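Let the sequences and hints guide you as you build the complete structure.
Sequential numbering of the sequence shown, starting at 900, is according to our numbering.
Since the hints were derived computationally from the structure, they do not count as laboratory data.
Note that the structure is a prediction, hence the values are computed from the model and not measured.
Even glycine gets a Cβ: it sits at the ideal position worked out from N, Cα and C.
There may be inaccurate statements among the hints.
Claimed, not checked - Quick list of simulated restraints, FRET-style, between CB atoms:
(1) 1009 - 951: 18 to 24 Å
(2) 906 - 1013: 25 to 31 Å
(3) 933 - 1006: 29 to 35 Å
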Amino acid sequence: MPNTAQIVGSGPNKVICLNGWFGHARGWGPLMHSLDTQHFNYAFMDYRGYGARKGSGGPYTIAQIGHDVLALADHLGWQRFSLVGHSMGGLGIQQVLADAPARVQALVGVTPVPASGVPLMTRAGPSSPAPPATRPRARASST
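Given below as structure tokens:
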């Protein structure tokens, strides 16, 4: 099945935008009317099962979203691109970074869901998970 996306703009800077869960590519509202379309070229992608891809087969996973983003970039001829992810789309953009770090120019998360358990590569090697937060113990009252 070919990747479909709503394309906005014609600038040299490429950006793939991922919506929140249960959203769709055309659900970004008035934001789309405020975009810099001379300097940027935006692709708003539907996830499998949503929007223009309703009825498409799964799997319906974050890993598949990452794969579909890379397939869309290939289809558009975009070797390097930036990513914007809203809510659960923030998890999707982190998956793309983990899968193809050399292709990702920048990430912008808009209230993103954190990527727990997704090892991201850094220049120093794989990132390690942050230590669990500890709560200070309550002190006994002297009264």
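Do the hints match the structure? See the list:
1. At about 22 Å, the CB distance of residue 1009 to residue 951 agrees with the hint of 18 to 24 Å.
2. In this structure, residue 906 and residue 1013 meet the distance hint of 25 to 31 Å, their C-beta atoms being roughly 29 Å apart.
3. Checked against the given bound of 29 to 35 Å, the beta carbons of residue 933 and residue 1006, roughly 20 Å apart, lie outside it.
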